[in-house]
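Student: Next come the chains, spelled out residue by residue.
Protein chains: 2
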Amino acid sequence: MKTIPYKTYLSEQQMPDAWQNLRADMPHCPPILHPGTLQPVTLDDLSHVFVEELAKQELSTEKFISIPGEVMDFYRMIRPSPLVRAYALEKALGTPARIYYKFEGTNTSGSHKLNSAVPQAYYAKQQGLTSLTTETGAGQWGTAMSMACVYYGIDLSVYMVKISSQQKPYRKAVMETYGASVTPSPSNTTNAGRAALAENPDTQGSLGNAISEALEAAMTRDNCRYVLGSVLQHVLLHQSVIGLEARAAMDSLEEYPDVVIGCAGGGSNLGGLIVTYAADKLAGKASPEIIAVEPASCPSLTRGKFAYDFGDVAKTTPLIKMYTLGSGFKPHANHAGGLRYHGMNTSLSQLYDDGLLHAKAVTQRSVFDAAITFARTEGTLPAPESAHAIRAAIDEALACKESGESKCILFGLSGTGYFDMQAYQDYLSGAMDDNIPGEETLQSGFASLPQIG
Amino acid sequence: MKTIPYKTYLSEQQMPDAWQNLRADMPHCPPILHPGTLQPVTLDDLSHVFVEELAKQELSTEKFISIPGEVMDFYRMIRPSPLVRAYALEKALGTPARIYYKFEGTNTSGSHKLNSAVPQAYYAKQQGLTSLTTETGAGQWGTAMSMACVYYGIDLSVYMVKISSQQKPYRKAVMETYGASVTPSPSNTTNAGRAALAENPDTQGSLGNAISEALEAAMTRDNCRYVLGSVLQHVLLHQSVIGLEARAAMDSLEEYPDVVIGCAGGGSNLGGLIVTYAADKLAGKASPEIIAVEPASCPSLTRGKFAYDFGDVAKTTPLIKMYTLGSGFKPHANHAGGLRYHGMNTSLSQLYDDGLLHAKAVTQRSVFDAAITFARTEGTLPAPESAHAIRAAIDEALACKESGESKCILFGLSGTGYFDMQAYQDYLSGAMDDNIPGEETLQSGFASLPQIG
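So the sequences go chain by chain: V and D. For the first sequence, the residue numbers in the numbering used here are 1 to 453. For the second sequence, the residue numbers in the numbering used here are 1 to 453.
Hints may contain errors.
To be verified - Quick look at which bits of chain V chain D covers, simulated, 3 or more residues with Cβ under 8 Å:
1. 9-20
2. 104-110
3. 143-154
4. 175-188
5. 379-387
6. 419-431
What the hints assert, rightly or not - Only pairs whose alpha carbons sit at most 27 Å apart, straight line, appear in this in silico DSS-like list of lysine-lysine:
7. V/K91 / V/K2
8. D/K401 / V/K7
9. V/K360 / V/K56
10. D/K360 / D/K285
11. V/K91 / D/K125
12. V/K2 / V/K401
13. D/K401 / D/K63
14. V/K315 / V/K7
15. D/K401 / D/K2
16. V/K401 / V/K56
17. V/K7 / D/K91
18. V/K7 / V/K91
19. D/K2 / D/K91
20. D/K305 / D/K321
21. D/K7 / V/K2
22. D/K125 / V/K7
23. V/K125 / D/K91
24. V/K125 / D/K7
25. D/K401 / D/K360
26. V/K360 / V/K321
27. V/K360 / V/K91
What the hints assert, rightly or not - Partial list, computed: chain V residues near chain D (C-beta under 8 Å):
28. A88
29. Y170
30. I372
FYI, nobody ran anything at the bench for these hints, they're computed from the structure. Predicted, not measured: the structure shown is a model, and the values here were computed from it. Beta carbons are placed, not taken as given, at the ideal position from N, Cα and C, and that holds for glycine.
For reference, chain V alone in the conformation it holds in the complex (with noise of 0.2 Å):
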């Protein structure tokens, strides 16, 4: 065994110049529907919403797209992102496990959304688009959308769910200090919006609102598309430059992991991290466990249904099957933040239904618990999303300790909590609860599913 530092950067030389497709060795991955004829959707019909580009990468089945030099400039000032070898929480769990996390938040969006913000922005210039619409849940993508579209002059507009611009008031700050303009959703400025607060005027709001306000935003103005931080297998692509440096860099330590451990929401984060450790999987050719964490609060792989389904509540986007809680699932106001999304990436639902990948739902409060340790020993405060995978990592770690195994554990931290503090400060002062939806809760989610063939 090689030395291990607690830091590994690639240089900028060894940085991917492709995206990985996870996609493209998935042939059984369900294509996406257009909502009225029940066929696949065509280029065509997805230009209409997204970047040119964008909707080509989407339907694409290539396994590498390379990366325009203009966002490799962009990447090389946020990137490689470090993988550490997390020494100290080793040590303070007494555990023989050898855990590793890759860490996405050194950048100011705190988070691994730039990596995708960046060539969205790229693109919609390179379209001669002027403006851009999108949503935000805990900030973080509407962060690192501003800090891309301003890069490129591109203008703005940001839906944010209403009860994260509560709880995070300065994240709105920070995306105006990069020019962008910021509304709290629902609003008063769509149909979507409007409905909504008709329905109930104290809506504390949900993504997939937002997703529904920002998508009639961009259809209504000129020159103007469509951007989404999460869930879409371009994202996805976009993300796999975390798995890409993860990989090459555990290869240079000789370390390949055991286990694999990314939070979940959208499944933007996960599905990055895993890229080559899942085509090895789907190759054959070797067997980690590949764990998806999410909120036992929005429990969309855990406890939802494989269907096709709408991405927003007001049922306007084509339909993907994915594992779905219902675009009506009202998920509780708690501090999962950026993971309260009803559905689940397509191509990580189907490693999922084919046993590939293994899902656990954790509770608010054992997440904290986690976050807290995981602060006070190798310093960093994780975002709560990202801490979903720390309990997670923790508990395999603890199963090494009771076992004796020595398992390489690798695991995703997505973010910081910078903006979280509310959310630490309720959790320190036990004024948080765990949130777990009854099943009358559920059902009313799975009510709200699109009734198909």
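Got chain V sorted already, so can you dock chain D onto it with the hints?
Tutor: Below, chain D alone, put in the same frame as chain V:
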């Protein structure tokens, strides 16, 4: 000229294993005096207040002091920090200058402060102390000490300048997450606090007053000492890791700066950054321009006096010869944050007096203007403190554009502004002003200087 990457990281093997003492090359640096006897303080004098090993370092004239292994373990979690070539900023400015910055903000404390917090907590633990007290202005030092203390198992009480605790509510939450106890200052928990409140119940606090409270608290507790995050020689010593890393990285790129720039409050980031270049200058080996950038609202170098003064408002510390506005100087409650201190480190003051260090005072709004230019090009949202250095670096680069010179500029980006969003909001909304102190305010500060000899 070699191809210069965006970011240069040293390997862990290349990290410095000894701190470099700027004072070693400055035998004419004035000693600290005992306020009663007016004789140079002894180790025994200082050890009543400070951790003994830190007191030794405060008086040391050794050029290199080894970094203990357990401190190196923590440093390897948070260091090396990147040396960044600011290609995007250069392009936006259209300058022929080559701009580099040493970025200390990728750790959770958000700044360079952790470099000194780690050894301070470590030496306290080695001495068998069980608790420490300190003060914090902008919150970066308090956060850094919280992180270091929880790691080494030391209790920490932080006195936080009241106006900062109001402007940065979540800074307190971060410190508490790391297990520290935080008291807004002035408070009614100490004589110094009660005196300040009696004088002015509406006082917004000052760093000098918070120091008095923390000092008093340390003196009245068992097995407790006081720690400080700036101004003192041992702090600059620890911060030399910034400059040693920057120098090794610059050397590897075959670059030698024409200009080295740092923001300066008490001087810890600047003193750390310039250590090897100032040594070159003192030895007559090279003559890079070295620039200290301070807020026009608290201009200790550019408008202060080189005199013996107390470090705190209550006049309880030893006497330090420094450029000072007087411990009674009341900086306006604007957002210079961590730079609102009345004095400046002795070595830096001496360098300035010797003409080896230049100083520049910049106004608040011009600083935020530079901060936003930087954020929107380089991606990283800077701390307002650090943005003072950015302002000066941009001004140098624009002068190069004018003159056609291709200077090499190195500046210290000491931290990030993630907890400073209220200040950014105030700037963007036009609510911020420059607050340059009038002659009367200055004279009232000077009136508080001790009469010596």
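Student: Compare the structure with each hint and give your call.
Tutor: Against the structure, the hints:
no. : hint            : result
1   : 9-20            : holds (count 3)
2   : 104-110         : holds (count 4)
3   : 143-154         : holds (count 3)
4   : 175-188         : holds (count 4)
5   : 379-387         : holds (count 3)
6   : 419-431         : holds (count 6)
7   : V/K91 / V/K2    : 19 Å, holds
8   : D/K401 / V/K7   : 39 Å, violated
9   : V/K360 / V/K56  : 33 Å, violated
10  : D/K360 / D/K285 : 25 Å, holds
11  : V/K91 / D/K125  : 18 Å, holds
12  : V/K2 / V/K401   : 23 Å, holds
13  : D/K401 / D/K63  : 39 Å, violated
14  : V/K315 / V/K7   : 45 Å, violated
15  : D/K401 / D/K2   : 23 Å, holds
16  : V/K401 / V/K56  : 47 Å, violated
17  : V/K7 / D/K91    : 31 Å, violated
18  : V/K7 / V/K91    : 16 Å, holds
19  : D/K2 / D/K91    : 19 Å, holds
20  : D/K305 / D/K321 : 10 Å, holds
21  : D/K7 / V/K2     : 26 Å, holds
22  : D/K125 / V/K7   : 26 Å, holds
23  : V/K125 / D/K91  : 18 Å, holds
24  : V/K125 / D/K7   : 26 Å, holds
25  : D/K401 / D/K360 : 20 Å, holds
26  : V/K360 / V/K321 : 20 Å, holds
27  : V/K360 / V/K91  : 25 Å, holds
28  : A88             : 7 Å, holds
29  : Y170            : 4 Å, holds
30  : I372            : 6 Å, holds
Hint compliance for this structure: hints 8, 9, 13, 14, 16, 17 are not met, and every other hint is.
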